[in-house]
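Peer 1: The lines below spell out each chain.
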Amino acid sequence: MKDNKKSSLLRSLSIGLAVLAVFVIYAYGFEVTKVNLEELRSEQRQTSLVRVTRALSQPDFFEYEQESQIVNAMVYVTCPADGSIPQVETPETTEPYITVSPVCAKAGEIVIVEGYNFAPNAKGPVRFVPGSDPTNLVELGNDVGQTNAEGYFKVEVKLPNRPSDEAQFIRATIRKNVGAPKFTQTAKDTWNKIIETVFLALLATTLGTILAIPLSFMAARNLMKPVRSPLASISLSTLGWPLGFAMGVYLVKWVSNFATPYTTNIVINLLSVVLIPIILSYVVRWALPQDNLSSTTLQVRLIRLAVLLIGVLIGFFGLYQLSGLIMNLGSGMAKTLGSLAFLGRFFIQLGDILKVSIPVIAALAAGGVLSNLLGKIGQRASEKLNISTVRILNLVSAALAGAVIFGLLGWLVEWLYQLGRPELTFWTPVIVGAVAGLLLALFTKPKDTLPIGLVIYTITRTILNTLRSVEALVMAIVFVIAVGIGPFAGVMALGLHTIVSLAKLYSEQVESIMAGPLEAITATGANRLQTIIYAVVPQIIPPYISYTMYRWDINVRMSTIIGFVGGGGIGFLLQQNINLLNYRAASAQMIAIAVVVSLMDYLSSVMREKVV
Amino acid sequence: MLQVKNLTKIYDGGFKALDNISFEVPKGQFLAVIGLSGSGKSTLLRCINRLIDPTAGEIFWDGDNVTAATPEELRRIRRKIGMVFQHFNLVHRSKVLTNVLAGRLGYVNPAWSLINRFPKEDTEKALKQLERVGIADKAYHRADELSGGQQQRVGIARALMQDPNMILADEPVASLDPVLAHSIMKHLEEINKNDGVTVLCSLHFLDLVHKYADRVVALNQGKIVFEGLPNEIDDQKFKDIYGRDAERVG
Ligand SMILES: Nc1ncnc2c1ncn2[C@@H]1O[C@H](COP(=O)(O)OP(=O)(O)OP(=O)(O)O)[C@@H](O)[C@H]1O
Ligand SMILES: [Mg+2]
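Chains A and B supply the protein sequences, listed in that same order. One point on numbering: in my numbering, the residue at position 465 of the first sequence is 465, and numbering is uninterrupted. Counting the second sequence from 1 gives a position; my numbering is that position plus 1000.
Honestly, I wouldn't trust all of these hints.
Taking lysine-lysine and the DSSO-like style, the derived pairs with C-alpha atoms no more than 27 Å apart in a straight line are [to be verified]:
| # | chain 1 | residue 1 | chain 2 | residue 2 |
| --- | --- | --- | --- | --- |
| 1 | A | Lys225 | A | Lys34 |
| 2 | A | Lys253 | A | Lys176 |
| 3 | A | Lys376 | B | Lys1080 |
| 4 | A | Lys225 | A | Lys504 |
| 5 | B | Lys1027 | B | Lys1095 |
| 6 | B | Lys1080 | B | Lys1125 |
| 7 | A | Lys225 | B | Lys1239 |
| 8 | A | Lys154 | A | Lys106 |
| 9 | A | Lys376 | A | Lys447 |
| 10 | B | Lys1005 | A | Lys447 |
| 11 | B | Lys1080 | A | Lys384 |
| 12 | B | Lys1186 | B | Lys1211 |
| 13 | B | Lys1027 | A | Lys447 |
| 14 | A | Lys123 | A | Lys158 |
| 15 | B | Lys1027 | B | Lys1138 |
| 16 | B | Lys1128 | B | Lys1186 |
| 17 | B | Lys1016 | A | Lys225 |
| 18 | B | Lys1005 | A | Lys445 |
| 19 | B | Lys1193 | B | Lys1128 |
| 20 | A | Lys610 | B | Lys1095 |
| 21 | B | Lys1239 | B | Lys1016 |
| 22 | A | Lys176 | A | Lys158 |
| 23 | B | Lys1027 | B | Lys1005 |
| 24 | B | Lys1095 | B | Lys1125 |
| 25 | B | Lys1193 | B | Lys1027 |
| 26 | B | Lys1138 | B | Lys1128 |
| 27 | B | Lys1237 | B | Lys1223 |
| 28 | B | Lys1138 | A | Lys610 |
| 29 | B | Lys1016 | A | Lys445 |
| 30 | A | Lys384 | B | Lys1005 |
Source of the hints: derived by calculation from the structure; they are not laboratory data.
The following block holds chain B by itself, in its conformation from the complex:
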C-alpha cells in the first residue's frame, strides 16, 4: 500500500508545486492522476521515488518510509518501483537491449555492471520482456532508430526488468497518437491485472481515464480537488478540476 501524508513540495524559487497532499493507494490499484498542465502531477510522481526531494510530509511504500530512507535504502526502494516517462528517456546511442538491462542496475553487482556484464539470466529476461511488449526483433537496434511507440515499449520493458511492485507512469502516452496510446495503456493494464503491480499514471485524456483507471486523483495548483471513481467525474467536478471555462471534449 502507498501512503502519502501531508506532502508538500516548494521549489528552489519558492514556488509551491504540491500543497499538503494526502492519499492512499491500495496494492494492485490502477490510479490515474489528472489535472491541468502545471498542476503538479509530475512533481507528485517524482516525489514518490524521490527523484525530487519533498519539502515536507511523508511517503510510505510497503511499510518503508521513503522520505526518511538513507541513500542505500533509497536505492533498494527505487529498484522495486518502475518508472515510465512521457519522453521515454531512453539512452539514444545505446542498444535497446542495454536500455532494457539498465533496469537491473539496482540488483546486479556494480563492479560487473560498470563493464557492461550482466548475469545470463538477466539477458534472457530482457529478451523475454521485449517479447512481451512485442518488439523482440529490435533488441540489437540502437534506441533512437525506433519509433515513439516502440521506444515507449522499451521504457516499459525497462521498468519490468526491475521486478517492480509499483509503476509510476508520467503521461506515458502524451507524445503518441491515439491508437498507439491505447496499445501502451493496454500493456500497463495487463501488467497491473496479471502481475498485480500497482500503477500510478498521470493522464491528460478522460476517455483513457475511464477506460483504464480504477480510481482517480485530480490536482489543481498543487491541491487535491477530486478523489474517487472515474465515472464520478460529472460536469461540476470537471469544472473544479479543469477550471470554469473548460469545455468537455470526447
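If we strip away everything but chain A, and leave its shape as in the complex, we get:
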C-alpha cells in the first residue's frame, strides 16, 4: 500500500518534470527561431505581404496584344484674366472623345474628365500633358480611367502646378486587349527550364540506378557474410586491381592511338561496326564453349585465353569506331536536320561519352579480370602448396598488398594537401602498410580463410552512410565548383546522392529476400555470381523498380531547388525572380513546379502499381 502511494507520487512528479522540460524546450525553440508576431502585424509587413500575395496570385503566363485609344481635350490652367471662359464644344461623333469640366481652373484644383465611346471594360491612364503641344510625350499624374460596359468613364484629375496662358491638354490612353492570349516570355523561359529540370532528374536517376545496383550487393550482409578467402587470395586480388587498372589504361591507349586516325572515316566506321561483332561472336563462341564439362589441356586453355585477349583488343577498336560513327552521324544530323538538330547534338554527346568511358571500362574490366585471376591463383596455391610455402606466400603477398593500399592512400593525401614530403606521404605509408600486411600474415594460420566479405560489407556501408548524410544541395555546391554552374553539376550531385541512397535501400531489399531459393541454387553447384543472377535478381526486380520510380520522384523535387546553388533547372530562374522582386514570374515558376511534381507523383504511383 505504502509502496503504491510512493510510486504514484513519483509518477506524477516525473510527469510534472516532463511537462516543465517540454515547456522549456519550446520556449527555447521560440527564442532561437525568433518567433515574432509583432513584426507580422506591423503595417509595413502587412502591405508588402499583400503586394506579394497579389503578385503571386497573378502568375505571369499570358499576355494580350493591346490597342490604345488616345484622345486629348483642352484645359486651361488658371482661367484667362479677362474672366472669359473659353468655349469647347462637345463633338457629335461615335469616335471616342473626352470632356473636361470646368474647362479652366487653378493649379491644384480638381477637374472632372469624362470619356465617351471608348472600348467597354478597358482602362488606361488619364493624365495632364504640359505645354501647348498636343503631341508632347510627357504626361503628369497617375489617374486611371476604367470604362464601363458602354465605354464611358469619369475621373477626377487634379491639375498640376503648370500655369500657362495657352491651352494645355488632358490625355486619356485607354488600352484594350485584342486577339487571343499569348504566352509571355516568362512562360516560355519557365517551360524551357522545367523541361531541363525533368531531364536533369531523369539523367541523375539513371546514372544513380546503374551504379547503385552493384554497390547494393556489396552492402548486403546475407550475400557478403559467406564470402571468405585465404589471405594469399585476398592479397593477390587486392594487388590485381591497381595492376589491372594500369594494364587496361595502357592497352586502351595503345588501341586508341591505332584507332583514332580512322574514326573520322565513316566507311571504316561502318565496316568495323558491322564486321567486328561478327568476328567477336565467332571468337567468343570458340573460346568460351557453352559446355564447361569438356576437360581441356592447359595448352588449349592458354591459346583460348590469348585469342580472347586479341578479341578484346579488336573489341575496343570496334568501340572506338562505334563512337566515331555515332559522332559522325551526329554532326551530319546536326547540320541537316534544322529544328531537330538537338538529336544530332545528342548523338555527338553520346559518341563522346562512349569515347571517354572506353578507358574507364577497360580499366575496370582489366582490374576485375586480373584481380579475379590472381585471387584464383592465390586460392589454388593456398589449397595445394604445403604450409610453410603458403606461409611465405602469405607474408610476401600481404606485405605487398598492404604497401600498395597504404601507398595509394598516401598518394591521395599528397594529392589533397600537397605536402611535398615523400618521406611522409610515400615511404611511411608503404612501410606501415607492409608491416600491417606482415602482421596480418603472421597472426593468421596459413590455410585459414578470412571473412573478406564482411570487411567489404562494412567498408561499403560506412562509405554509403557517410555520403548519404550529406544533402544533395551541398553536393551540388561542390559539383558547381568542379564542373561549373549549370545542369551538369546538378546531374552529378543528384546522381551521387541517388547512388548512395538507392544502394542503401536496394541492399535492404537484398537482405530481406527469401533464403530458400538462394540455398537451393547454391546446392546445385552454382558459383556465387550464378547464385546472385538466378536466386537474388528475380526476387529483387519489383522492389528495385519501385524504389527507382520513387527516387525519380524525389529527384524531380530536388532538381527544382538544386538551381538555387547553381545546379541548373528551374530553381535558378525562381531564385533570380525572387531576388528581383519579380513575384508574378516567380509565381509562374512555382506553379510549374507544383504541376510537374504532382504529375510525377501520380505517374510514379501508377507505374509502381503496374509493375509490382
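With chain A fixed as given, assemble chain B with the ligands onto it according to the hints.
Peer 2: Positioned in the frame of chain A, the structure of chain B with the ligands alone reads:
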C-alpha cells in the same frame, strides 16, 4: 557409398544440433531420416552437401572427402547431389523452365549462364524431366502460379537435371496433402529404383517410412537413437525415438 564419421555441428549460439554422428549409406539405398522436430534432421542433410559447415567430423561421398573440399571441388561435388526441400525453394518470379534449368548451373559455362543461355541439349532435357514428373504443360508458367504439389515436382525435376547420384530430400512432403505426398514419394522411389540414385529423405510419417524406405536412421537431440529396417521399429523403439509420452498414430 556415403560415409558420415563423428559428425558434430555446434551452431554459432553454442547449440549442439548434431552430436558425434556416424553412419553409412550404401549406393542405391533409400534411407529415411526420422526424429522429432528439432532433432537435427535438416542440419544433418545440409551438412552432407555443406550448405552448413560441420564443426567436426568427416563426410565421404563416392571417395571424395566432402568436409575437406576446396570451394571449387565442393561445387563439383554439389552438382552431383540433388536436393529437394520442404518449401520447394523455387524462384517464384522465374519461369518453371528456368527453375529446372538452374539444376545445370554447376555444369554449364558460367559466362553464358549469366545471360540465361543454356545449351540446346539442356533445354531439351529440362522439358523431358518436366514430362517425367508430369507437368510438361507448365514449362512456361511462372513458378508461383503452380500448386504446392506441382512446385515440388519442379523441385524434383531441378534435382534430376543435375544427373545426381544422390538426392537429399528434406521433408519433401511435409507441406502436401496425403495423396500428393504419395505421388511425390513415388517419384523419388522411381528415381531411386530406376536410376540407382541414393536417396536420403527426412520424413515425419512412419507409414511413409514403412512404404518407401529401405533403411531408417532416427535422431533424437542430435544423436542417433535407432538405425535399422523400418519394420524393426516396435513400440519400445518408437518411444526411444519420439519420447516417453508419444502415442503411435496411423
Ligand atoms: N542457424 C541456426 N542457428 C542456431 N540454431 C539452429 C540453427 N538452425 C537450427 N538450429 C537449431 O538446431 C536444432 C536442429 O534443427 P533442425 O532444423 O536440424 O531440426 P529438424 O530435425 O530439421 O526439425 P524440423 O523437423 O522441425 O524441421 C534445433 O533445435 C534448432 O533450433
Ligand atoms: Mg527440418
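Peer 1: Sort out which numbered hints this structure fails and list those numbers smallest first.
Peer 2: Of the numbered hints given earlier, those the structure breaks are 1, 2, 5, 7, 13, 15, listed in rising order.
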